[in-house]
Amino acid sequence: MKARLADLVARALVPVARLVARLPRPVLRMKLQFAEALLRGIDREHPALGPLAEVREIVERDPVGLAAIRRILLEGRRGQVVAVLRGMLLHRAFAAPVVADFSPRLAKLARTGEPLTVAIVGDTDDTRLLRAAYAGVPGCRIAEATAAARIIEVADPEAAGEEEIAETLRRGAAVSLHPAALPSPDGAARLMETARRSGAALRVFYPVLDYPPLAKVRALLAADAIGEVATVRVRAIVGGSGGALPPVPPDDADPFAHPAFDHFALLAALGGEIAAATAYRSPMTGGGAALVAVRYAHPGRTGVLEVVHAPEMVIPSRHRPYDLEAEIAGTDGILWLRRGMAKRTQVPAVEVRVGTRWLRIGVGSGLPEDWEDAHRAAASGFVARVRGIAPATLGDAALLSALRARAIAGEATDRADVIEFPASGPRP
Amino acid sequence: VADVKLRVAMIGVGDITMLHRPAYVGCADAELVALCDVSPDLLARRSAEWGVARTTTDHRALLSDPGIDVVEVNTPHHLHRPIVVDALAAGKHVACQKPMTTSVADAEAMIDAADQSAGRFRVLENFVFYPAYVRAKELIDAGEIGTPLSVRFKLGTSLFGSRWVPLRSELWHLLESEKGMGQAVFDDGYHKLSLAIHFLGPIAAVKGFIGRSFRYIDEPAQLLWRYRASAALGSFDIAFTPNLHTRSKYFPADERVEVIGSRGVLDLTCCTGRITDAPPLTLVRDGRRIVFDDLDTDWQASFTAGIRDFPRAIKEGRDCLLTGRRALDVLRFAYALILAAKTGAEVRPDEVTDERIARELRPKGDR
Numbered sequence: 001m002k003a004r005l006a007d008l009v010a011r012a013l014v015p016v017a018r019l020v021a022r023l024p025r026p027v028l029r030m031k032l033q034f035a036e037a038l039l040r041g042i043d044r045e046h047p048a049l050g051p052l053a054e055v056r057e058i059v060e061r062d063p064v065g066l067a068a069i070r071r072i073l074l075e076g077r078r079g080q081v082v083a084v085l086r087g088m089l090l091h092r093a094f095a096a097p098v099v100a101d102f103s104p105r106l107a108k109l110a111r112t113g114e115p116l117t118v119a120i121v122g123d124t125d126d127t128r129l130l131r132a133a134y135a136g137v138p139g140c141r142i143a144e145a146t147a148a149a150r151i152i153e154v155a156d157p158e159a160a161g162e163e164e165i166a167e168t169l170r171r172g173a174a175v176s177l178h179p180a181a182l183p184s185p186d187g188a189a190r191l192m193e194t195a196r197r198s199g200a201a202l203r204v205f206y207p208v209l210d211y212p213p214l215a216k217v218r219a220l221l222a223a224d225a226i227g228e229v230a231t232v233r234v235r236a237i238v239g240g241s242g243g244a245l246p247p248v249p250p251d252d253a254d255p256f257a258h259p260a261f262d263h264f265a266l267l268a269a270l271g272g273e274i275a276a277a278t279a280y281r282s283p284m285t286g287g288g289a290a291l292v293a294v295r296y297a298h299p300g301r302t303g304v305l306e307v308v309h310a311p312e313m314v315i316p317s318r319h320r321p322y323d324l325e326a327e328i329a330g331t332d333g334i335l336w337l338r339r340g341m342a343k344r345t346q347v348p349a350v351e352v353r354v355g356t357r358w359l360r361i362g363v364g365s366g367l368p369e370d371w372e373d374a375h376r377a378a379a380s381g382f383v384a385r386v387r388g389i390a391p392a393t394l395g396d397a398a399l400l401s402a403l404r405a406r407a408i409a410g411e412a413t414d415r416a417d418v419i420e421f422p423a424s425g426p427r428p
Numbered sequence: 001v002a003d004v005k006l007r008v009a010m011i012g013v014g015d016i017t018m019l020h021r022p023a024y025v026g027c028a029d030a031e032l033v034a035l036c037d038v039s040p041d042l043l044a045r046r047s048a049e050w051g052v053a054r055t056t057t058d059h060r061a062l063l064s065d066p067g068i069d070v071v072e073v074n075t076p077h078h079l080h081r082p083i084v085v086d087a088l089a090a091g092k093h094v095a096c097q098k099p100m101t102t103s104v105a106d107a108e109a110m111i112d113a114a115d116q117s118a119g120r121f122r123v124l125e126n127f128v129f130y131p132a133y134v135r136a137k138e139l140i141d142a143g144e145i146g147t148p149l150s151v152r153f154k155l156g157t158s159l160f161g162s163r164w165v166p167l168r169s170e171l172w173h174l175l176e177s178e179k180g181m182g183q184a185v186f187d188d189g190y191h192k193l194s195l196a197i198h199f200l201g202p203i204a205a206v207k208g209f210i211g212r213s214f215r216y217i218d219e220p221a222q223l224l225w226r227y228r229a230s231a232a233l234g235s236f237d238i239a240f241t242p243n244l245h246t247r248s249k250y251f252p253a254d255e256r257v258e259v260i261g262s263r264g265v266l267d268l269t270c271c272t273g274r275i276t277d278a279p280p281l282t283l284v285r286d287g288r289r290i291v292f293d294d295l296d297t298d299w300q301a302s303f304t305a306g307i308r309d310f311p312r313a314i315k316e317g318r319d320c321l322l323t324g325r326r327a328l329d330v331l332r333f334a335y336a337l338i339l340a341a342k343t344g345a346e347v348r349p350d351e352v353t354d355e356r357i358a359r360e361l362r363p364k365g366d367r
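Protein chains in written order, with our numbering: chain A, 1 to 428; chain B, 1 to 367.
Note that these hints are calculated values from the structure, not bench results. For every residue, glycine included, the Cβ atom is placed at its ideal position computed from N, Cα and C. Certain hints may be false.
To be verified - Listed next, the stretches of chain A that the computed footprint assigns to chain B, with coverage defined by at least 3 CB atoms under 8 Å from CB atoms of chain B: (1) 153 to 163; (2) 305 to 313; (3) 329 to 338; (4) 377 to 389.
What the hints assert, rightly or not - On the chain A side, residues computed to face chain B include the following (Cβ under 8 Å): (5) 37; (6) 39; (7) 63; (8) 64; (9) 80; (10) 84; (11) 231; (12) 282; (13) 285; (14) 288; (15) 293; (16) 295; (17) 345; (18) 348; (19) 416; (20) 418.
Claimed, not checked - Calculated from the model, a selection of chain A residues having no Cβ within reach of chain B, i.e. all distances over 10 Å: (21) 58; (22) 87; (23) 144; (24) 145; (25) 289.
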């Protein structure tokens, strides 16, 4: 309710502020003097009196300052001005709490409907966890043969080519393609089109997209908890020890192929369609790093993927020692997401700093945060999607932009210029 | 000589000098003896507040006075060159406030003047003296995080949490962005870029994006660089967070630094402002988190240490940490980032020239 009111007031205020900004200087000065007198009449110590007097003094004595204020108000992007005003009202005037509905709804939804057969092709960390996860979804049965399966998880790049996957989609089966088995971005786009035409579900499987703390973060973003998103940072570290399983070192030739570093879909899940990228990398052997800066299709939004191979680093993990952290900054605050398959520190998995509040969503919240929870949510979520009762975790346009960014990231580290690629959303 | 205090004159006594003056209170090596500003009102106010009797509106009167050993140049940065060059020619030691200037030619002229002068020259950038950053540098150099692989600087600017600087002082900065000298990357960013060089050495090349908020604010941005002598990579992540309350006695800026090495990670959270109660410095290594709570987190501490380092360096006959050449490196680094974002191409700081800055960044009427 408060959010809606703040939104309405902010939208109404923008044209008023722009009208005021156009007023001649003497008229503006009179209006500000009147506003000051009015506020002083209400409360001689009103907190807005100081800033108002400062603005009046600028109007009276500082033509450069006045020009700056006018240009900011008149030439600033309307959507951003509204977002900032909305946030000011919400977090300072209304002191609204930070809330976002989030519950493991999909797990319940997946329990309804006819029995499903799932085939899993390939043997990886993810398929082992998915096998256990599907077995726990009511009505799901794991089969070895793919011919009669309604859901096929494809993690083996040798198992099926693009045409075979397209044929599977055409017969109505749902396909979950793991990154190792993905065709080129153009091939993925063709498969998306085939899936759309045949009404079959197609997903590209990134377990982090179903990780419950990420779902919480995305629910907060959808509820405008931190205002208009300005920057997204995803940082991943492949450590050297501390895991129940040993790390797999990243490949120097294509570090972004490493499952712990391929987080372009996460960048897209947090910031939307990616429109351009530029990058650097150092050799990974023996320790190295790579940075990919992205510009999103959303006006004025940027992001960065930072991946580090730190072979002497201890990262405690019940799986492999791969650390993950994301930071999303918006006009009203900042969100942090941590963990994934490891637990580098005991700092909570989700933190929010917004307005004057600092929320730590950790053990007391009951939020599932084990890596197995990501696979459980991925299994039940995909079953629910196949049954037509849940949407995809990431839209095709954003996903495709992530795959394109992934495909050019290596090249971007070697090129001196920014690589732009087609996006379906608005451009800056 | 070691017991004699150097006599300091301030040229320009604007808002920033409120952080400079406390450094001279109780300073063993220097004392503030004269003030200069073009505004007689401001001069009278500072003179009364600080108890410095000698004032003038003409800086040349100070340069010809043998009773002045050191001049601090705190004017707007485009005015630094003539004052610095004249002061060095007069044999004074000169401490100039960052950014050094707005052009490579001005910077080189100041460096040349310093080379030919008996006086020493430094450009004050206080972050490298901030206690948490000083400790971090010691930890990096001691190999506590192994080989540095990546360093990340984060800046988030807010409208709430401090009213130390009046709005009028911020506004002119905004319009400077039209000339390629925005507040976030060129001006405030100077601190982070200086620290980036201080931590891991000179910069080889840069790439990145700079967005625009409210048309004139050079935020958000994602800026990347590679080092010349280290395999480490660096990034500067600037967010636009106007409604995030940022506790500060000075500017409401959220500044965080993360340095990742082959063995451990350093997290630095405080400086000008702070947004959480996290400790100022944390070292995560070998599965353990080591917290450094024994650090002065007040931003003033960096000004006090930085300002006092100059007279101490003069007395000890050593170069101070922040030479004119270092300042030119930071200036070129900043322009390289802005040029890279503007042109969409990699830029090497050592290839930044005034001609290129004028061609790519300045409006036609300003060239």
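Run through the hints listed earlier and report the numbers of any the structure violates, in increasing order.
Failing hints, ascending: 1, 4, 5, 6, 7, 13, 18, 21, 22 and 25.
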